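Q: In order, the protein sequence lines correspond to chains U, P and S.
Take 30 as the starting number for the first sequence in our numbering and just add one per residue.
Take 2 as the starting number for the second sequence in our numbering and just add one per residue.
Take 677 as the starting number for the third sequence in our numbering and just add one per residue.
Facing chain P, according to a computed beta carbon distance under 7 Å, are these residues of chain S, among others:
#1 Glu697
#2 Pro707
#3 Ile712
#4 Leu715
#5 Val723
#6 Ile797
#7 Ala808
#8 Phe919
#9 Asp920
#10 Ala954
#11 Ser955
#12 Thr958
#13 Ala969
Don't read these hints as lab results, they were simulated from the structure.
Just so we're clear, the structure is a prediction, and the values are computed from it rather than from any experiment.
Virtual Cβ for every residue (Gly too), placed ideally from N, Cα, C.
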Amino acid sequence: MSHLELTGLSKSFGTTKVLNDVSLSVRNGEFLTLVGASGCGKSTILRVIAGLEPQDSGTVQIGGRGVDHLRPKQRKVAMVFQSYALYPHMSVAENMSMPLVMQRLNLAERLPLIGRLSANCRRVMTEIAAEVDAVAKQLQIEALLTRKPAQLSGGQRQRVALGRSMVRHPDVFLMDEPLSNLDAKLRVHMRAELTDLHRRLGVTFIYVTHDQVEAMTMSDRVALMDEGRIVQLGTPSDLYHNPSDLRVARFIGSPQINIVSGTTTAQGILVGEALLPIAVSSPAGQVVSVGLRPEALSLDPVAGQPNLAARLTRVENLGAELFLHFVLQESGAPLVLRATLQDYERHKARLNSPVALGVECARALVFDAAGHRVDQASRAALRLEVPA
Amino acid sequence: MSRATLRTDRLIGSAVSHAFLLLGAAFILLPFVWMLLTSIRPASEVFTAGFNPIPSRLAAGINYSEALTKSPLLQYMLNGVFVCAGILIIQLLVAIPGGYALAKLSFRAQPVIFGLVLFGLTVPVQVTALPIYIALAKLNLLNTYFAIMLPFFLSVFGIFLFRQFFKSFPQEIIHAARLDGFTELEIIIRIITPSAVPAIAAFAVFSITSHWNDLYWPLIVTTSADHATPPLGMMIFRDQETGSNYGALMAGAAIITAPLILVFLFAQRQFVRGITMTGVK
Amino acid sequence: MTVALKIGRVSASRNAQLRAEAAAGYAFVTPALILIMVLLIAPIVVVLLLSLTDYQLGALEWSWVGLANYSDMLGDRIFLRSLGNTFIYVAIVVPGSVVLGLLVAILVQERTKSKAIYQTIFFLPVTTTLIAMSVVWHFLLNPSLGPITSLTRALGLGEFDVFGDPDLVLVGLAVIGIWQLVGFNMILFLAGLTAIPRDLYDAADIDGADGAWDRFARVTWPMLGPTTLFVVVTTTITAFRVFDTVAVITRGNPQGRSDVLLYTLYKVGFQDFNMGPASAMTIAFLVFVLVIALAQAFLIDRRTHY
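So that you can see chain U by itself, here it is in the shape it has in the complex (with noise of 0.2 Å):
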């Protein structure tokens, strides 16, 4: 079947790295996103797998072959763009049919008008119109098989660009961010239709975004990218719970991951005048920061657990939670809480001057000044997911 190999990939455009030796191995039909920021050589990957640009060096397999030496049509990959790609002159059954004629009409037979001519040609044309219809059926886009891509609404055109992806079915499906030109309502649609779509093909896709909350919601697993490097590969709960770089934690989590910064002690680290009881193993008297995600802090401390002054200054309603900001009373640093509305409410009289956040160190995630981890707690689980 189509496992996936990445081995050691380079490449540079001219004095910049796109890609700085990238080693990964996507199992078989496994949902794997790669997200990251614009520029950190993500796209690149994909166009890679697909052939169509070179790797300086390094190899790509699939299903256990290599395909280094292939040119992107035998690859048996199919490629979702961002803009969708569709041949704007052609119909929307002609844009889906495309990678079939290329299959399965010889050179000759793929001469406008002269190829008709052809018994065969006609057979197979017969033939792969039927695999279009039902294809269009299962993206219920088959009224719109003889309009013009210009005639259709965004939606649409990435249903199109799904469908002609998917006739040909390919080993690994390759998407470049493909829903960052949907509206908000649509893309949130959209994700759970991909997602629904994955799950019935069974095949590997291979997913490039921007967006962590689709790298979250729809994925396996997910590869963090930075600078032509993976940053971190894991589940999105591992991402999101035990992120192994201070890159990863600020990447993934919406609202963003609180960062404080503290100082190393002997008995833990100290954050202004508040101790939190967390080991690390970088030595006392380093400047650290100290992650905490807005729902490690609770506005009611329970006793004995540390905790930081700080003061609201801005209130987010979301409707069933909301989002506390506040200032740490002594640096002036911002900080993030997540409550619910009751909560908000208890306490709601209270916050008018200076409160106490509890702070829950077990969730603490604490990074030396070079963005790695260094506290005790994560070295088990971050060994866990070094593969064998």
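Dock chains P and S against the given chain U, drawing on the hints supplied.
A: Chains P and S only, in chain U's frame:
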């Protein structure tokens, strides 16, 4: 300033601008109007008419039939059609693939070739006329359609234009096509060319008008009426007439200028876009 | 897996798509490249070489003469006169057609209902066969039976033999040149004008620059800078290549006062077949054109840097 004076100011401004434009338009239209008037005027009146615009009786039939019978005008026009079509077809066959290669394919010689194209843009046809003429003379090819068309088979401007046009064609569509299994030639035929119809139309207008109207090169390589293009035919016609029959001469001029003017009037926007592309040169 | 094996595969992979692309690239530019070599580069080289010989078409013998053709050319009265005439022609046509083109464009731009019709009229000469229209102009200005003469006579201004008068002939040709170019320049200026954001005029209005002249001087003219440069350069090159009107109407007469560069080149090269001197003139012509092109490139460069 009161409202009334503002209004009068604007009225005066508008009147002045209209007056100027009308005067300009009269200057522009004068030769066209006079050409048409003279072409329907009886021969006897041409010399005595002076500035009197209205012919006393119509002689259009005589003048136009004389223009068509006394000189092979239709032959000239046919030659023009043939030459323009031949030139345009070759230019497109060369420039579309060339432009695509320079815009979307990477190969080592690409920058050098593009440099040659840019250099070629600055070289007028008169510069290469002498050697090409000598070569055609040595090969005994003067006085042929081929000789009239040869220098224009190469349109560096066409290559440049299509290169610029294709440069802005989405790379993702070409990637999609390669993944779908298109060969590069099929990408040109089935994807790039259909998308380039507006550019092809504009270039066709540009190419056809410049070669329909060209005098310099046909004057050099043809001496016979058999292959003469309309402008050269016009010159031959004028020399035959030596000023004796202005009615027929003007009728001839009207016939020769008519096709392009009609195309211009019916497809103005495309036409203007095609012609103004010369500006890019 | 060994490192060496990997590297071998990689180089193969570099080649798969790239090699296909390069092969297609070379295949697609080959026709163009052949034509560039045969119809552009080779002829230029041959002209350069010919300009160093005394070759005459049909002659059996020829010899190298070094730079003699060039020194002869610089001393040749006819060449110098045609060069001078060409410059005078350019000096009339360029300002005339650029200023009129700009004026017409600004006035036409402000019209609403009649805009399209004026545009069509002014563009008409651009589309027409100049040869045919030259014949018409020749007739219009005919000193004995042309309508314009009748008009001037009736107005008591006397007769003008425009194309027979040594002092008027270039002006007459230039009027036809302007007649043909105004519409073209108008269209280019109109494109430049529509590209000026309306906001700028509104801002100028609010800042008090609301008269027609102020609007022109403060907004239109500065914003049209690049367009104007472009129009001047294209018009200069077009005017420099004047040939058709001369060939049809004056043939260099009277007294050689309408001999222009390309017409002289045509006579020497293709009527007298003196290939050596004609080649030297061709090179001179090419140099002028390249200088104009370089000046344009330089000026555009400068403009983008201020």
